[in-house]
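Respectively, the protein sequence lines represent chains G, V, C and B. Okay, so the first sequence: first residue is 1 according to my numbering, each after it adds one. Okay, so the second sequence: first residue is 1 according to my numbering, each after it adds one. Okay, so the third sequence: first residue is 1 according to my numbering, each after it adds one. Okay, so the fourth sequence: first residue is 1 according to my numbering, each after it adds one.
None of these hints come from the bench; they were simulated from the model. Check each hint, because a few of them may be wrong.
Which copy? The list can't say, so a pair holds if one copy fits it or any two copies do.
Cross-link-like lysine-lysine pairs, in silico, DSS-like; alpha carbons within 27 Å at most [what the hints assert, rightly or not]:
{"no.": "1", "residue 1": "K223", "residue 2": "K206"}
{"no.": "2", "residue 1": "K231", "residue 2": "K206"}
{"no.": "3", "residue 1": "K208", "residue 2": "K76"}
{"no.": "4", "residue 1": "K347", "residue 2": "K76"}
{"no.": "5", "residue 1": "K13", "residue 2": "K206"}
{"no.": "6", "residue 1": "K271", "residue 2": "K301"}
{"no.": "7", "residue 1": "K76", "residue 2": "K25"}
{"no.": "8", "residue 1": "K41", "residue 2": "K22"}
{"no.": "9", "residue 1": "K208", "residue 2": "K47"}
{"no.": "10", "residue 1": "K47", "residue 2": "K22"}
{"no.": "11", "residue 1": "K22", "residue 2": "K271"}
{"no.": "12", "residue 1": "K41", "residue 2": "K296"}
There are 4 protein chains.
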Amino acid sequence: MKALDRLNEELEKVYLGPLWEKLGKMVTPEPDHEVMPYLWKWETIRKYLLEAGELLRLGRESERRVVYLQNPSLLKQGLIGYSTNTLYVGVQLLLPGEVAPAHRHSQSAIRFIIEGEGAYTAVDGERTYMERGDLILTPAWTWHDHGHEGTEPVIWMDGLDVGLVRNFAGSFFEPYSEDVFPVSVPHNGSTFKYATGALRPVSDRKRKGYPSPLISYKWKTTKQVLENLSKLDPDPYDGYAVDYINPLTGGSADLRIGTTMQKLTPGMHTKAHRHVHSAVYHVLDGEGYTIINGVKFEWAKGDFFILPPWSWHEHVNTGAGDAHLFSINDLPIMERLDLEREEAYDKNGGYQSIIDVFEPLSQV
Amino acid sequence: MKALDRLNEELEKVYLGPLWEKLGKMVTPEPDHEVMPYLWKWETIRKYLLEAGELLRLGRESERRVVYLQNPSLLKQGLIGYSTNTLYVGVQLLLPGEVAPAHRHSQSAIRFIIEGEGAYTAVDGERTYMERGDLILTPAWTWHDHGHEGTEPVIWMDGLDVGLVRNFAGSFFEPYSEDVFPVSVPHNGSTFKYATGALRPVSDRKRKGYPSPLISYKWKTTKQVLENLSKLDPDPYDGYAVDYINPLTGGSADLRIGTTMQKLTPGMHTKAHRHVHSAVYHVLDGEGYTIINGVKFEWAKGDFFILPPWSWHEHVNTGAGDAHLFSINDLPIMERLDLEREEAYDKNGGYQSIIDVFEPLSQV
Amino acid sequence: MKALDRLNEELEKVYLGPLWEKLGKMVTPEPDHEVMPYLWKWETIRKYLLEAGELLRLGRESERRVVYLQNPSLLKQGLIGYSTNTLYVGVQLLLPGEVAPAHRHSQSAIRFIIEGEGAYTAVDGERTYMERGDLILTPAWTWHDHGHEGTEPVIWMDGLDVGLVRNFAGSFFEPYSEDVFPVSVPHNGSTFKYATGALRPVSDRKRKGYPSPLISYKWKTTKQVLENLSKLDPDPYDGYAVDYINPLTGGSADLRIGTTMQKLTPGMHTKAHRHVHSAVYHVLDGEGYTIINGVKFEWAKGDFFILPPWSWHEHVNTGAGDAHLFSINDLPIMERLDLEREEAYDKNGGYQSIIDVFEPLSQV
Amino acid sequence: MKALDRLNEELEKVYLGPLWEKLGKMVTPEPDHEVMPYLWKWETIRKYLLEAGELLRLGRESERRVVYLQNPSLLKQGLIGYSTNTLYVGVQLLLPGEVAPAHRHSQSAIRFIIEGEGAYTAVDGERTYMERGDLILTPAWTWHDHGHEGTEPVIWMDGLDVGLVRNFAGSFFEPYSEDVFPVSVPHNGSTFKYATGALRPVSDRKRKGYPSPLISYKWKTTKQVLENLSKLDPDPYDGYAVDYINPLTGGSADLRIGTTMQKLTPGMHTKAHRHVHSAVYHVLDGEGYTIINGVKFEWAKGDFFILPPWSWHEHVNTGAGDAHLFSINDLPIMERLDLEREEAYDKNGGYQSIIDVFEPLSQV
């Protein structure tokens, strides 16, 4: 046995390590990770969710009725609830008359409304009513509960930075003493005050930074801006796309979770690129596919899919109408920590070759 | 003659000064200034402006057809074009078919549209079309020209930080080689991209700070936000009021000139306060009065009036409908230099006694 | 079998998860992590390092001669080279005449000099010479090599954010084409220019943000400031302690890795507290112990120990002279992401009871 | 009389102005100002100051014994105490045993120590002792008094932003109820804590922005940094020069007043340039001259001279030893308001021709 091998072995016994053996594992030439791309069909998610609606009663024992996306490769590593290395996505169902009781946590959360109306999210005592396509924020450590005053089931997407907060051992959670946090502000008050992000009430002159003063970003407005944008040139990688921002900072609406809506016009095929940040997409409407590292992921209205870090990707709209993709990402973190990079795919005119087609698991 | 008096005299001869005699003039217990409040009637301004429309042809000899507000007390000090110590306000007329030729200057400028339509302001090659009640920015050192494709005279308010820039000896001006700066961007493109300040095109992710990416703030939107705000409590000093902001910073729309729109509902009488920053008001519509340091300034649609620094003021709407007051101010500067202060009037329930009524000069 | 159990099972098969079962694992009431506290004796580390000095030749096959601290509990999870969830610490040996060849990586790195002199670190072409107690920065993605012009072995501590960058899939690495990056700047030039952080050369007026313009923080200066501080009241938790800062921002010297030096006077016993951020300590000199979650970790000159996230800790100097503890931490990240919290230990007058004593593994 | 002339006249009567006549006065192609360059000899200032020392007793009637620099051209405009459009400079004498009583004002102030020792400035209860060459800050609205515990007269330079604050009508002043503000902090405590700007006590982790935590910048340190800098290339316009900075921001030590120290080695002749910001110089030691807009201003130890905005200037050291020039300027304001510009003199190899020599007024 060589002397150096023996040294390596001895080091291990005292929990020291020989960097000369391991440097390449710690400091890799390019990002090395276990996050795989994946796609879930809406029919599958919805079916189980409605089933849970029949079987599960909300209360302090089960505070939320949510089916979450579990990245298969991360599950193998024991990482429960991870869609990507940083992001969690769930789909939540609230039935008429129900209350998802008040709590707060150090994780940031966003809601994107998929179907139904008449439900609300209350943030620190202000109720914001939901409509399909709206984005609603419940910033980290704000008290929030959800209630439903309507007549039909409401379903929405939840996005939280579960992985991020777990990586940093920063999770804190607190239930509120009552199911419903006291209402202290007019319903939709923030939206009244900041219906447009370009005007600030003079009484908020001292207000700076986070959380965003705007809690709800209405679909009607977002859709209109995307219509307007369509008169200009599209972004080569994202088509017509906007980030939701906090008008007090010009940064992302939530401090840590990025939120983006993009519109792909019929036939649009964007160029491929990759970036360090990861994302989870939800198809608001339309049909098409996304090629991720050479694999074709076909999507239609309601589907969800995962874009891992540093993965080549390009989008195609194959439908007759516009497709709208909503996504959450961890770009704000990458930028704050100066870890973001982006690279354009420079072969084949910027388009990948398809080497495989993803087959989604259907309901059992 | 006393020894100290002789010393004081000798000092003066060599351009030295005895602080023991002058400290109280340099460092006053409260702001000491020469800016007087004043008010101009719309009929007067408009009459002269239309007259100028007949007598004056636009060109490189006379680049703009503008009648400006000259604060009488500052004129005595030789300060030409000063409305307040920092701000200039003019009223500009552009006739169908005319072009106010392209130039740029280190002064910031804003435009607030008063009457007519069909005219545009072009900023660095992008045309923004004007409608009554819109705010349009021409940030410092951007190329800009104005043109008119409509059929009726268009009149707007100009606001510049002439006094500020002069105080700092920072004036630079450059005419463009052609009358019209080349159009390089789709008309109203910025407005398309930032119709709401809460969404940012992904292609602008790197865009930060100033100038604001939004050049035009439409009256329709501003009015709607003020309607929304009216469901909440009014600000005690300003009624229902918003600042126009740069959605990339949460600060004022222009780096140096503050811009505010306020709505006073019928019968509303705000409380009195004072602040270091000064302002110039324009009455978009409605009628009422403002009490400034005990003097009543009665206003109606179209009028302009000056609020000097550190002056008690309160507003009253005496009309049957809402009154809208647009104003520019130098608050952004005061905040950047940490010079702002505000004080509530604590006597008489927060309301001043009227000791005089201002009589505006009518046209000669 | 209950219907809900069956639903739970079916969900798992299609990589969906029932939040009602798992919420408590994702969103914990307090930080839940696998990072254990640990301590390594200097004799052990040094013995192996010198042995490696005999057995290992530096070159492109083995670029650095470093023995790193491997947290035992994180090793079980397959996390190689992790001292804490975010931080890596190694101890490096460079022999006279050697060169550790030039490369760059997206991980930030700091060096803290433990013994010897005559060696240097070169950052982007500027050589900084090492002396015991100095902190030297090699900011993320800067080219750096180490050389040795002296006559005795030099040993230093390396600190990198390996865990952080891996969690975010952000690792990039590039070797330089030559062993030594060309010298382009006077040796120690940054230190000449920024010997004190309170003065900035006028030619750097435009320089802002990161990386810090100061690359080397000399022990002589740090020691003097700690002496000065000792005339004032100590910090209850850290004694006399300073953070190394970037004088262009007032934030941490490195963008992502926090660096702190603290002095404990003889007999000093600090109060216990805990915080989300984790740390790795190196004992520059002195002897004493630190109680972490009730376990006593005894330390002396040269030792290293790990403070996990959200762990109660207090320090005691049992020696006749001052003790100096240098540490790195991930506080800058926690602050940028708004995840930091701190809590004082409020029982027993602020001091923990000792329930166990850690027994370090001696060399085999 | 022409119709337009008549219109112009009528406008004037109602305090309206014809922009077509005045645009060129308000918006000038280059900075247009009344600030003239000037120079005062130290013998003159000192003689009068000592005379005042005999004639004037300090107290609430005459709080400070200061002879100030009065720019002759600004005096003609009634601007009392203006050295430049924004800056005031005075020279203050304090005799052993005296107290200059406590007050505060919205003007920022800096002190630069010229001769003597044993005196102190107290800022919000902390005394900082003076030595020749030190810079001491008394930030805006901090309580401050000066006392003298030594045996010889102490003389220092005061710099305040009197013109700036007056232009903005922002002056506030308040005398303290006692002559001496209560001492509440250890003498020189800030200096102990921040002897170098690159280390921050952990107990100050939350401290951000202004005022600077460092109140006193010692000459010994500044001189050493200038020595260090002299091993590198000089700045073409300023020789070896540093700005005093606030280590918590990387910006100027005082929020509004810039402070700079420069060293000119024997024979050094810097190149000419101009910038919008103005400055007042004090010759700490050495002899030479500065050419301002073609006029030669000869200076020696102790002299003061004014550099107006946008004026060509270059410095020459004609002495056998180093010359040190301390100066204050309004650059921080220009940068905050985005009004700064700089231009190199591109004729004659970067050097002006001398067209005149300034003759200082000697004492009468």
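Here is how each hint holds up against the structure:
1. Proximity of K223 and K206 under a CA criterion of 27 Å is satisfied inter-copy only: 23 Å between copies versus 31 Å inside one chain copy.
2. Taking the shortest alpha-carbon separations for K231 and K206, only the inter-copy value of 22 Å comes in at or below 27 Å, while the best intra-copy value is 37 Å.
3. Taking CA atoms no more than 27 Å apart as the test, K208 paired with K76 passes in neither setting, with 42 Å inside one copy and 41 Å between copies.
4. When the C-alpha separation of K347 and K76 is checked against a cutoff of 27 Å, the pair qualifies neither within a copy, at 34 Å, nor between copies, at 41 Å.
5. In this assembly of identical chains, K13 and K206 lie within 27 Å of each other by CA distance neither inside one copy nor across copies; the values are 58 Å within and 42 Å between.
6. For a Cα distance limit of 27 Å, the shortest separation of K271 from K301 inside one copy, 22 Å, qualifies, whereas the shortest one across copies, 54 Å, does not.
7. Taking the shortest alpha-carbon separations for K76 and K25, both the intra-copy value of 20 Å and the inter-copy value of 16 Å come in at or below 27 Å.
8. Within a single copy, K41 and K22 get their C-alpha atoms only as close as 41 Å, which misses the 27 Å cut-off; across copies the closest is 22 Å, which meets it.
9. For the identical chains of this complex, K208 and K47 are neighbours neither inside a copy (43 Å) nor across copies (44 Å), given an alpha-carbon limit of 27 Å.
10. Proximity of K47 and K22 under a CA criterion of 27 Å is satisfied inter-copy only: 20 Å between copies versus 47 Å inside one chain copy.
11. Taking the closest pair of Cα atoms, K22 and K271 never come within 27 Å of each other, the shortest separation being 37 Å inside a single copy and 39 Å across copies.
12. Only within a single protomer do K41 and K296 lie at most 27 Å apart by alpha-carbon distance; the minimum there is 14 Å, versus 54 Å between protomers.
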